[in-house]
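Visitor: Each chain, written out:
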Amino acid sequence: MSGGETQLPVERGSLLAGGTRTRLLHAGPSEASEAVVCVHGNPGSADDWTGLIAAAASTGRRALSLDLPDFGEAIAPAGFEHSVLGYATWLGEALKELGVDRAHLVLHDFGGPIGLVWVAMNPDALASITLIDTGILPGYRWHSLARIWRTPVVGELFQATATRPAFRMLLNRNEPRGLPRDFVEAMYDHYDRRTRRAVLALYRDTDDPGAAAAELTGLLAPREIPALVIWGEEDAYLPSSYAERQRQAFPSAEVHVLPASGHWPFADAPETVERLLGEFLAGLPADSPAA
Amino acid sequence: MSSTDCPPTIIDEEAAYDAVVVGGSLAGCATAIQLGRAGLRVAVVEKQPDPGAYKRMCSHFVQASAVPTLERLGLLEPIEAAGGERPRVRIWTRWGWIEAPPERAARGVNLRRELLDPLVRGIAAETPGVEMMLGWSVERLLRENGDFAGVAARNREGEERELRARLTVGADGRDSRVAELSEVPVKTYPHNRFAYGGYFEGGAPANAPDATAWFLDPQWCAAFPTDNDLTFYAAMPTKDRLPEFKKEPEAALVRFLSEVPEAPPIRAGRAIEPVIGKIDMTNRMRKPVAPGLALIGDAALATDPLFGVGCGWAFQSSEWLAESVGPALQGNESLEQGLERYRRRHRHELGAHAFFIHDYATGRKLNPAERLMFSAAARDPKTAAIFDTFGTRQIRPQQAMPRMIPRAIAVNARHALAR
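Keeping their order, the protein sequence lines are chains A and B.
The first sequence maps to residues 1 to 291 in my numbering.
The second sequence maps to residues 1 to 419 in my numbering.
Hint data in this document are derived by calculation from the structure and do not stem from the laboratory.
Virtual Cβ for every residue (Gly too), placed ideally from N, Cα, C.
It is possible that part of the hints are untrue.
If you only want the chain B side, here are some residues facing chain A, beta carbon under 7 Å, derived [to be verified]:
| id | residue |
| --- | --- |
| 1 | 94 |
| 2 | 219 |
| 3 | 261 |
Isolated chain B, as found in the complex (with noise of 0.2 Å):
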């Protein structure tokens, strides 16, 4: 749909934009969205030149927490009318279910990678001042006056381009080829889990479209029910456990999932694809910016998908780069002090849930707090409900802990003396 829209031969060699995306999928789309809305010119740079293409591997969840954006962005519309569901999330503890009353529950958004991003795609391409080049890589970033000013890209062709900008935005993923340019600082974090999933048909877990997550301490695994009525298994085990799943990824992850507590129905149902796994998923936390230059989505920070945070996180990154540069970009004020208030507003909304999530991700099981906080919410509609607005990260671990911790303990004193 985008590519016939503007072919790669149209741009002018010399053209200067105000900003040059690298990287096609959510974050960046969604960046390029909104900068062309607000009237300015913006290339996506995309390596894959086909514009169906997609993250496979993905559970493909969206936390509530980025709903307000896509609503604003205009697309949770076109997501739900492309069949995307809208589920609350159940989590299985050993102390029981964590499910907050069904009208405080937060919905987040599931549709597969495989619909969702050639939807984002084509709405990003048909925004006026957006021009996609698909099949175009990254070759080096140029500089001007010590600043980054844009993106060297050469297509399959081994044609190469400049493209000059104002901003250069590195949308590029996990292994983000702009962050390793352009050298931001890194911070990386341990990860003992490895992760395999794959879609099903047939046999929709119970509660559905509502996903499930299985806390198992320190084993995890999850169903979403999502479009087309099929279902996306994950385990997230320790790398103890890698072996049987390397040698039969498929038949490990269903022996895995029918055997946790309430197993879903896993064995009425058929793989629809093969089961695919990751092995590494180290943890990177990047300086979100540089002069000139900003990274947003898991370019950013590329945290455990245990938590489901990785997609709505690239949408809501996206929306606080464009709200912080806009003014910059409009000639308002220096390029810096936007970047500056970008750089604030990702730590500051996700620096505390990153530290948390880093320290699971090491294969730990539940600390004492957590713990508290985990059984207390089994226990308790209230503390679930806070738990719930944590969980699906519209509340930030400042606001959720004094909240939920002397209600966690009270809970927990009530129900050791009621035994």
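Bound-form chain A, shown alone (with noise of 0.2 Å):
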């Protein structure tokens, strides 16, 4: 990751919400209430985004992301649900916890729909969205590999046969430019037992991850929402059709498909998406006074 160029230190910590110890990666001023979140997805964790934390705060903003519970290092406590509701209620506490009023969203994978989740229970706290492959998606058919995951006894399978080679194999073989080694190792290193089996819980319980996609427009079309979207054009997984059709919801939406990226353009062209975020970012109004 790119982390290491930027300028502005990403410092690292520890929150307590919701039951769940959780790392804290994060910059800029700590104790502003409006905040740059960065939610990652699946397999995904805190780590996802340093880069982008770094350009993020290099606007003068607070900037932070979470390991949500049972990725990277969290653990989730007993009774946890493992859905997009649980996780979307969870990042509301954390939040709360954090003293962030409102958030400047930016959203991956599995990320987009726990953020949306959370945007629609806390309409008025969205201050602007960043969606990087993800967002609303409607009639979006689940792919191939969450099919497997949400096939009982197949997922489970192959959860346990993931090793070290199969899954960094299985991972860029999807990726046009493939992903650098470290990004992959991590992300390994954090797909450990409780994240599989949190993965199939979350997966099998989301039947249809476009199933709010109307009411979410409805909610979100009329606020006129700052946002910017970025999709990596090869995605495997979300097709980047959906990149222009986020504009539904979001009309002023800024769009931009990559053309050599896959599934995790942050990690693929740091750059281009690190520059991409901070102009928009900057090119906002300046964070509300109670900030």
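If you follow the hints, you should be able to join the two separate chains into one complex; please do so.
Guide: What follows is the structure, given as structure tokens:
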């Protein structure tokens, strides 16, 4: 990842929210009540966002990311509900704990549905949204890997046999430029037993990732929320044809389809994604005075 | 420079020419230069009245394959004197950069058409035996005993002239009127990309003046540094990307190029003229001869601009024609023999190139054989050198494949084992 090249130091801390002790990566003014909040997908962790947190903080904003429960190094408490709603609720609790009233959400992959459900519960708390290979997905049919995870026994078998080389091969097979080795290795390090179980539960609970598309569009479109959409054209999991369609919910969205990128543009084209996010945030009105 | 030399009014209506060339652009003027130097009488009929007219939508890249032709025509020196660059080509692929070792990489020519077209036209106009008729359009083709025998042309005042000639040459581009009137057989191949491009000043790309092309597969874009420290930036995306380009061509082009891997500094530059686009680029391959008639340049083969072959092949096909029909026009053999020789030469040189180019123009991604060669060329300098010789069209696919494929397999096998 490109975090090492940026000037602004990204600090590491931890946070207890909703019974989960999670890692916190943050930069910028830590007391601000308005913050850039990055929500990772699957498989993913707070680490995904190192470069983008630095890029966001360089616009003078508070920026942070967290491990979602049972991802990265976070351990969910017994009884945690591994569903989009469960994660969205937890995200709300974590933001409350952090004193964040208004969020510039940056979402990737499964972080999309989770973040958008949080938005549905707190529509006034959304200052802007950045969607990276995710968003509102009307009519989406689960990708093949998800269909495997969603099938009882087959999913367990798959997770049990996902060795490091197999994981590496599977991931890179679908990436047009390949992903940086360190990025994939870190991803696998975090893809432990707990995460594998959480993945199965989360995907099995999510029958239709585009379920609330119409409701979300109806709720968000009139609000004219500033939006940035970045999508890798060669995304093998969530087709880039959805990029333009985000304008239905975010009519003024700036849409960038990166022609040589896959599902993780912030890993295979970090300079471009960091620049786009930095420019987008810099172009927004300054944070509210309460910040 | 040319219009004053030979004003159309002095042309005798009954004049008979050895050849009448329709189209006073690169291919047409190059033909006129060669035939004129061989002592023949040539009329060049060009519908644009302005001697400084030039083709606007063009990357102006002349492949290295055409450099010997430019040399023989005496055009290379004036082109370089006019500020023309001599670029090598670098290609970005997902496997890395394809860059032939500098000493083995071939150099093409880059001079804006704004300068190149008037330069070549001026040299043609000064060639003894060549009469430039600027501002004249072809109305119909003349026939004699079933063979084509010149054209009837009309100027802007409505005056019509019959220009009789033993050989009629269509050098009037992709939408050739001569080809249409002569009804030569044509094959078309779909093109599912579109092109936008424009000249920028400020912020030279890495390795300038070398040209850079990004094979983003299936998307494509390129940067061609050229004369006067300008850079021509071009994008050829698949047609699903068209709406954003139609809406704001310059913004879309800048965005596209600034978001590719190791992006060129297009954002630091400034467009010196509007970014323009071409949406329909259907590939057209015409039979390049008919009795008494030949087609050259884009009129014979209008193929995907993605590979930058149009300008070079315009010069080269003009030379093949001039060499083929020279003896006949000098009276040493029948014109039919000369034209047949040109037809065979054209097909021999370009047929297989065109086959591969047309296939990729469908907008598809690289196929397994292409992936094999691109990846090996990115990993191995020797493969890159063969790739470069082929990509700059100095060798035909039939010559390139047997040299490249075994090597590519070995390179990739070594690469896989080393991992």
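Visitor: So, for every hint listed, does it hold in this structure?
Guide: Evaluated hints:
1. 94: Status holds, d = 5 Å.
2. 219: 4 Å, holds
3. 261: It holds, given that the least Cβ distance between residue 261 (chain B) and chain A is near 5 Å, below 7 Å.
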